[in-house]
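One line per chain: the protein sequences are A and B, in this order.
If you read the first sequence in the working numbering, its first letter stands for residue 1198, the second for the next number, and so on.
If you read the second sequence in the working numbering, its first letter stands for residue 45, the second for the next number, and so on.
One should not assume that every hint holds.
[Claimed, not checked] Straight-line C-alpha distance at most 20 Å; calculated EDC-like pairs for lysine to aspartate or glutamate: (1) LYS1350/A - ASP147/B; (2) LYS1350/A - ASP144/B; (3) LYS1430/A - GLU140/B; (4) LYS1430/A - ASP96/B; (5) LYS1350/A - GLU140/B; (6) LYS1562/A - GLU1639/A; (7) LYS1555/A - ASP1351/A.
Keep in mind the hints are simulated off the structure, nothing from the lab.
If you're wondering where the values come from, they're calculated on a predicted model, not measured in any experiment.
If you want the building blocks of each chain, they are given just below.
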Amino acid sequence: MSTHLIVLPVVLPLVAGIFLLLQRQGSVRLKRLIGVTATLALLLVSIALVARAAGGEITYYALGDWQPPFGIVLVLDRLSALMVLLTALLALGAVVFACAGDDERGSNFHGLFQWQLMGINGAFLTGDLFNLFVFFEVLLLASYALLLHGGGKDRIMSGVHYVVLNLAGSSLFLISVGLLYGATGTLNMADMAVRLADLPTEREGLVVAGALMLLVVFGLKAAILPLYFWLPKAYAAAPAPVAALFAIMTKIGIYAILRVYSLIFGDGAGPLADLEQGWVWWLSLGTLVAAATGVLAARDLRLLVAYLVLVSVGTLLAGIGIGTPAAISALLYYLIHTTLITGGLFLLAEMIGVQRGKAGTRLVKGRPLRQGGWLAAMFFVGAIAVAGMPPLSGAIGKALLMAAAEGGQRAWLWPLLLLSGLAAIIALSRAGSTLFWRSTGEADGQRLPYRQWFGVAWLIGAAPLLMALAGPLVEYTDATAEQLAHPGVMTRALLNNEGDAP
Amino acid sequence: MESLYAITTGVLTACGLYLILRSRTFPVVVGLTLLSYAVNLFLFSMGGLTTDGAALVNGVKDYADPLPQALVLTAIVIGFAMTAFVVILAMRARSEAGNDHVDGRKHEAGEGRR
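Just chain A, same shape as in the assembly (with noise of 0.2 Å):
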């Protein structure tokens, strides 16, 4: 069973979607049963993963036991593990919370949110460029689904364009692999790794342009500065468990950015060593002025928060831009807080637009809130945190990520970092005042259902619970950053047999 450990984040949401397509209409109960069953399951398997992981060993697990650099691998290591355990977080979550109602407001929707979590979990777990493309494109048609879940003009509208962009950008994804497979005869990321070490120079020249369309691919997903303009009308128009779990979808951009250019793209990687990294710092800084100006202008509440999701892809690439393991570990650590805490918002925003009926998230007087109480209390933790303030969770990754940051770095970086900060804590201010206390008429809003609260709560407490245990979360991010900053320990772990390789 144990060796068996690593496919099960794969497997599981797959039979679980399996199951859960067998009807599409009825049965309710027992579809949601399933979905949430899943779904901790997975929570499980995925703490089992880090725990194994934690010690530092690289394991992998060979697909119908085709061995590397043969067949296809997922690779787990403490990056991965780390990623799949927050997928299986942040999924809980959502998953529970549309068990309130919003699952039935369209057919499929728990097995679709099964494969697309089959899809995040494949895309952490891969270590074949090739494969990282099939997850890609798995996970993006769950989300093309997941996204219309519902219908309405809206969604619809955001819709097409999120497709197109997509595909043209999986186009782009095997344009670039089809380039790196030229240049270096292999798709196996760490065997690519290896092989670019001694790349013959007239050769070096397609692998740049693969490297850097890759990057594009990824840019594209991560939603960094051209290429976001997708990304706040399409997450304000999702069902609201459906923009909380995409609030993962940009970091899987971050991840991929983060895999490959360190593992492929590396210091052994000779004269095309870190060659993202110009691009990447400028661009941070570029999507970060771009997002809080975003935050500011925000009308509506659901825009805000996709607003500040594209803060924290900012904020995330900056720390690849700066590159250091000090950086890396700060940016992990980062990256658990936003992805949490911006998938609670998501929620949380949808429960307040339910409550002020017809005003809905726009930031305009309405009728009162039933609950307004509690949900303001929730909305100022997440807003706190989100604009990262101290004392909770943003406030010690932007801490972490300043001090990261040498030299000329600083002078971009902080003032950029602290006036985004600034941005939402206006925004976020002007937006409470105007949800809460600006109000007219009485309140006649239903009471809200007790899984909607579970939903936000689970993901709003990782903000408190992430400052408590700051201590040994840190120290692991740092044995993260400590390991991707030595690609050479994964290629040997997956590449033993090279002595007898051809």
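Fit chain B to the known structure of chain A by using the hints.
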């Protein structure tokens, strides 16, 4: 053969890109299809173009690289599913928005009513 192959791929890509940038959903869908054809051809050529190569490796020196063929097969299947999805989505958008503009606008400035 190489230059003909390269020109074909390039022309397909250019046509696909041009069509993707159009403002109606139908040309965009056709553009995506063309682009995926171009990508499939491109992937196929990445193992190196060979003629009369052995399909199975059995000690012979001159063989066709099987991996790009497997990749193209996967890419074709995925591309096909995606095209089907985007066609349905475009039709839904057409019926929801009442027109086939990608932004759901009634008609472009400077463009007459059709």
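Hints, verified against the model:
1. Distance restraint check for LYS1350/A and ASP147/B: the Cα-Cα separation of roughly 11 Å lies within the 20 Å cut-off, and the hinted pair is therefore satisfied.
2. Under the criterion of a C-alpha separation no larger than 20 Å, the hint pairing LYS1350/A with ASP144/B is consistent with the structure, at around 13 Å.
3. With a C-alpha separation of about 17 Å, the suggested pair LYS1430/A and GLU140/B falls inside the 20 Å cut-off, and the hint holds.
4. Under the criterion of a C-alpha separation no larger than 20 Å, the hint pairing LYS1430/A with ASP96/B is inconsistent with the structure, at around 52 Å.
5. About 6 Å separates the Cα atoms of LYS1350/A and GLU140/B, which keeps this hinted pair within 20 Å; it holds.
6. Distance hint between LYS1562/A and GLU1639/A is fulfilled; the C-alpha atoms sit about 13 Å from each other, no more than 20 Å.
7. Simply put, LYS1555/A and ASP1351/A have alpha-carbon atoms about 17 Å apart, close enough for the 20 Å limit, and the pair holds.
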